[in-house]
Amino acid sequence: MNIIVIASLVPDLVEELEIDSSGTALDTSWLRMIINEFDDHAIEQAVLLKERSGANVTVMAIDQEGIDEVLFTAAAKEADRLIKLTGDFGEGANSHALARVFAAAIKDLAPDLILTGVQAHTNLDGAIGPLLAALLEMPFVGYVAGVKTADGKVIARKEYPGGLTGEMEVTLPAVMGVQASEEPPRYVAVSKVRQAMKTASIEELPAAALDPSGGLNVSRMYRPEAAGRATMIEGSEEEIAEKLIELFKEAGAL
Amino acid sequence: MSYDTIKSIVTFGAILVSFGIFGWRCYQFLWVNLRRGQPSGPFKQWGERIKGLFVFVAAQYRLFRFRYPGLAHFFIFWGFLTLSLTILQAILEGLLAFTNPHFFLPWVGSFGPLALLQDLFAVFVMIAVSYGLVMRLVVNPERYKGSHKNQGVIVLLFIFTIMLSLLVMNGIRQNLGTDAVTAGWRPVSRLVGGLFAGMNERMQEVIDQAAYWVHLAVVLIFLTELPGGKHYHVVTSAPAVLLRDLNHPGTLPPAPEFGSDVGVSKVEQFRWRQMLDFYTCTECGRCQDKCPAYNSGLPLSPKLLMMNMRDNLIERGWALRAKESDGVLDKRLIEDVITEQAIWACTTCFACDQECPLFIEHVAPIVDMRRHLVIEGQVEAELQDALSNLGRYGNSFGQSERMRARWTQPIEPKIKDARREPAEYLWFVGDYASYSPTLTGTTQLTAKVLRAADVDFGLLYDSERNAGNDVRRVGEEGLFEMLAEKNLMALTKSKYERILTTDPHSYNTLKNEYQFNGDGRPTILHYTELLDQLITAGKLEFTKQLNYTVTYHDPCYLGRYNGIYDAPRRVIQATGCKLVEMPRNRDCALCCGAGGGRIWMSEGDIKERPSEARIREAVALKGMDHFLVACPKDVTMYRDAVKTTGHEADIAVKDVIELVAEAMGISLDNTGA
Amino acid sequence: MNQDIYVVIEHVQGKVAEISYTMLAAARELAQGSGGQVVAVLLGQKAQKLAETLAADKVLYVEHPALEEFTPDAYLTVLAGLLGEAQPRVALLGSTTIGSDVAGGLSERMNAPMVSQCQKFQVDGGAIKSVSKICGGKIMAEIDLPETTTLVCMIPGGYAPEDGQGQGASVETPAVPELEGLRVKLTSYIEPEAADVDLEKEPILVAVGRGIQNEDNIELAQELADLLGGVVAGSRPVVDQGWLATSRLVGKSGKSVKAKLYLALGISGAPEHVEGITGSETIIAINSDPSAPIFDVAKYGVNIDLFDLIDPLLEQVKTAKG
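Protein chains in written order, with our numbering: chain A, 1 to 254; chain B, 255 to 927; chain C, 928 to 1249.
Incorrect hints may have been included.
Heads up, simulated EDC-like pairs for lysine to aspartate or glutamate below, C-alpha to C-alpha not over 16 angstroms straight-line [claimed, not checked]:
| no. | chain 1 | residue 1 | chain 2 | residue 2 |
| --- | --- | --- | --- | --- |
| 1 | B | Lys747 | B | Glu678 |
| 2 | C | Lys1187 | A | Glu250 |
| 3 | C | Lys1187 | A | Glu91 |
| 4 | B | Lys861 | C | Asp1143 |
| 5 | C | Lys1226 | A | Glu234 |
| 6 | B | Lys897 | A | Glu237 |
| 7 | A | Lys243 | C | Glu1099 |
| 8 | C | Lys973 | C | Glu1099 |
| 9 | C | Lys1248 | A | Glu246 |
| 10 | A | Lys198 | A | Asp68 |
| 11 | B | Lys876 | B | Asp841 |
Taking CB as the label site, the calculated pair distances span [unchecked claim]:
| no. | chain 1 | residue 1 | chain 2 | residue 2 | range |
| --- | --- | --- | --- | --- | --- |
| 12 | C | Gly1053 | A | Asn217 | 14 to 24 angstroms |
| 13 | A | Leu31 | C | Glu1069 | 13 to 23 angstroms |
| 14 | A | Ala104 | B | Gly652 | 34 to 44 angstroms |
Derived by calculation from the structure, the hints in this document are not laboratory data.
Computed from a predicted model, the values in this text were never measured in an experiment.
Positions of the beta carbon are idealized from the N, C-alpha and C atoms, including for glycine.
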């Protein structure tokens, strides 16, 4: 089975996010970009499929600062092929544009399964997965928390609210949006990544020009006001505990 | 054929068999098996090494850490040496019986003083052996748990028998006048001989020869028992001490690499010098006794670690020879010979290595196996999170680097940025002191104390990363190198004369593992060392004398690893406190349980936390006001332990700096001196 | 194109999902501005009854066996046709396991722009502004919707679901398109493990997040829950690690709770979790990060290391209980 995983970077939410001077976008100067957690799960799911039923795993991403390490880490996890799409990805690189870029690159690769994170927290015009599926005319299933192959069919486990899950039988080729891999993403030792940097290579393919239509322009971006903020309880630990006890009593817990 | 001829033939045969078995097993264990091991050495500093033979082998120095067992073994050891010639005597007596039934070794065989010494030592040995038997059969201390007790008892009985039979032989020979020395030189043998004096000569000769055969037989059987068991140390102890690792204990050896594989997953991947350690283990259990993991109920025993690896090395040796294995070769070192749980249970406190009379290294092989697990990605979730955070943010808390110096905000004037301004001391603060909300106050207090003492210091601010000591000990060598690279880059760009640190773990790795190129390694001080120096130089003014009764806990990485015991004590005493030592102090201090990355792992099934046992130990010293520590992790661990043991009313945990601050009249609210 | 506001209704195992009512409430606000109707789109099989609770002007009910339970392929095909033909001013879908699966496909097929994570709208006559919450709840983004058909995926929190409940909507049954060669088939649902607790029925919840640090510490939360007569719950990271059963998950993929008292210990307040707790009466959050988004949702907050607070708190609770 040929699997392609689409990976993207997102701003690390550990840092404070600032808005730039235009007031319509994030200030990128202080941003630390890290792999989208869901894409990390998608890579893990692909590697698990490779380990369990033998598959060829390609990880694809657009060229940006910090992506090399992500790709090499995937190689250290036994991904077979790394592809970086080069081009100008400044303004206008929304989900629609990126989906088109990926679709163009994937058309000739004939994958059986495309995995990507179910969403990225920066998405304003949808996630890449469903858009990519539509462009490639493949079915899409999202919120996938497990994929298995059985008798030539692929079964995706889809998550619903309340802990309910559903098993979907999917005809390949298909695109899936991964919510969680069956096992949490494995640890890759730093030396293993460094070694992958020496032994693996990243193929560079030129990306098609960006076409962001389908996304809309932000008129204003801002940090939510602290209005509606919690009443903070302060003091020593004992004092805080006392106040909490009062609140517990009010709520009928004591 | 005469008896004497038969004696010679039988002796010859017995020696052939016994030496043959012994020789063959030694060849297999010490040559063939060790050759499969990885290279070791180079071995330098021979002066030091030979001195070690005198101190640790001849004088049995470390054995006296357990006083009476040490004394007993001292006599057994010296008895063995002193009486070794009697064994040669017995062998030659047998071999040469056909030409000389009353053979004695030339010169030494008739040297009176030696005979006296041997006679006396025979008694000492028998007393020591009896003590040993009582220990094993009656007292049966915890540290023997897991050791081959029966083997031990049998060998003690062997030794006793060898001594007794010798005394009987010599005693009867005294009676019959066939001894090579005069009566005065063998008082004990004479006494023993007296028991048989009433019998007729023929009878005595028979008993003499019977005693001889028992003597020879037990010696030869003992010889065949030696290789591969707890008594192999008789052969390997001197080489082990001679070839011991003379590197600083705080310097871990580099990670072994086998192609893309790192760390040890098969016993052959250990260095042959480490394999020698496995053979040398006497199963005494002193390491186990001191191990905080073992004593908290976790499945790690340094002793059993050595024994299991020895057994695995031996069985694999035989299996590889036979080229068929019966499943032996399929046994995995990690998980079958030693469980993963045991490997991760180690806090790297070094108590085992410190305690071992034969310098067997327990921590290094554990780290080597951890290195393999890390490369394989077999790391539990919590540890994985900590390592990911360390890799991404340079601290295990998962907080941004920019938050590292947040604790400095209330301090006026702003603390020097050592990256921009030269300072005499570069204060390497450490993760816990920087990020843990509980410890922020203590860190700020430290800054105030240093200011009040006119210490010119600066920080690396957000260029500082976790020093990597415990990252290395968890087996993530690559991450350690990355962190060290970043720290060294920041250090190289900064202008300072000495490095100061409040964290013993950071202290250890900066001092012993960081490669400072160029100008070489700067002086690195723990803050208690600096305070000690300042007090001696009169630069610290105490406005009041504190009258607390306190006890001091030696942090593992300050004490055992780096030998700093006195400086903190002088500082404490200078504040006017009365220092009472806990029973386990200095290099016997009980680890708090957080080291070796344990603070980043799930606790597991612990019966009693080492930190709780320690608090109980302190509280048992009546009238204790404070439990003093000099390590940020210790503050966290022990404050928790005080709560969980319910001793909040009995004792309070304080960092030494808090005492110093109080004695100087400095608190967080005022500006102090 | 018309000025109607279409709402794609979500239902699972015969029950309408709450987000559908939230969207109907939003649609009402939009329709008042645009002058169009609120049209609910209900796909299903023998599901006409579900139309009875929808506060819409009209319900378009498409019936087909393949639509009985949601599958992305079938729903996308039907909706692309239906919405493509109708070209409403705005079509609302849930930012959920149902809506998100089809929204992107619809955007491409209909050539219609889309907006995600919309929590609220600002309507000024015919001008519509969507307000989205992204980046883990840390950033708000306003977008002026064009005059042409736009798809908007909604998250809860901006409208009261009750405002989307109503009766008397007229039901139309448009023709069903051919549904052949569907590539995704629902083979079965797997119910969550027989839950020892039903979080939705518990009045007092003590919930733990990443800040609890490890499985052993959950004991502390359990102790507190026991003392308060409550039950332990958790956010996604805790359940993913296996430290709590999935029956204890609160949030988007778990339960939505309406507790009287919800104690959030070491929970940052990511939208996926917050989605599940906004119905609770008193939310008290304890977190060592002063900028944690949970403090925007909680009624009371304590910025402290939970491990510093938990022991004195347990002590005092024990004393209070006598």
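Hints, verified against the model:
no.: 1; hint: B/Lys747 with B/Glu678; in the structure: holds, 14 angstroms
no.: 2; hint: C/Lys1187 with A/Glu250; in the structure: holds, 10 angstroms
no.: 3; hint: C/Lys1187 with A/Glu91; in the structure: violated, 46 angstroms
no.: 4; hint: B/Lys861 with C/Asp1143; in the structure: holds, 14 angstroms
no.: 5; hint: C/Lys1226 with A/Glu234; in the structure: holds, 14 angstroms
no.: 6; hint: B/Lys897 with A/Glu237; in the structure: holds, 14 angstroms
no.: 7; hint: A/Lys243 with C/Glu1099; in the structure: violated, 57 angstroms
no.: 8; hint: C/Lys973 with C/Glu1099; in the structure: holds, 14 angstroms
no.: 9; hint: C/Lys1248 with A/Glu246; in the structure: holds, 12 angstroms
no.: 10; hint: A/Lys198 with A/Asp68; in the structure: holds, 12 angstroms
no.: 11; hint: B/Lys876 with B/Asp841; in the structure: violated, 23 angstroms
no.: 12; hint: C/Gly1053 with A/Asn217: 14 to 24 angstroms; in the structure: holds, 19 angstroms
no.: 13; hint: A/Leu31 with C/Glu1069: 13 to 23 angstroms; in the structure: holds, 21 angstroms
no.: 14; hint: A/Ala104 with B/Gly652: 34 to 44 angstroms; in the structure: holds, 38 angstroms
Of the hints listed earlier, those the structure fails to meet are numbers 3, 7, 11, in rising order.
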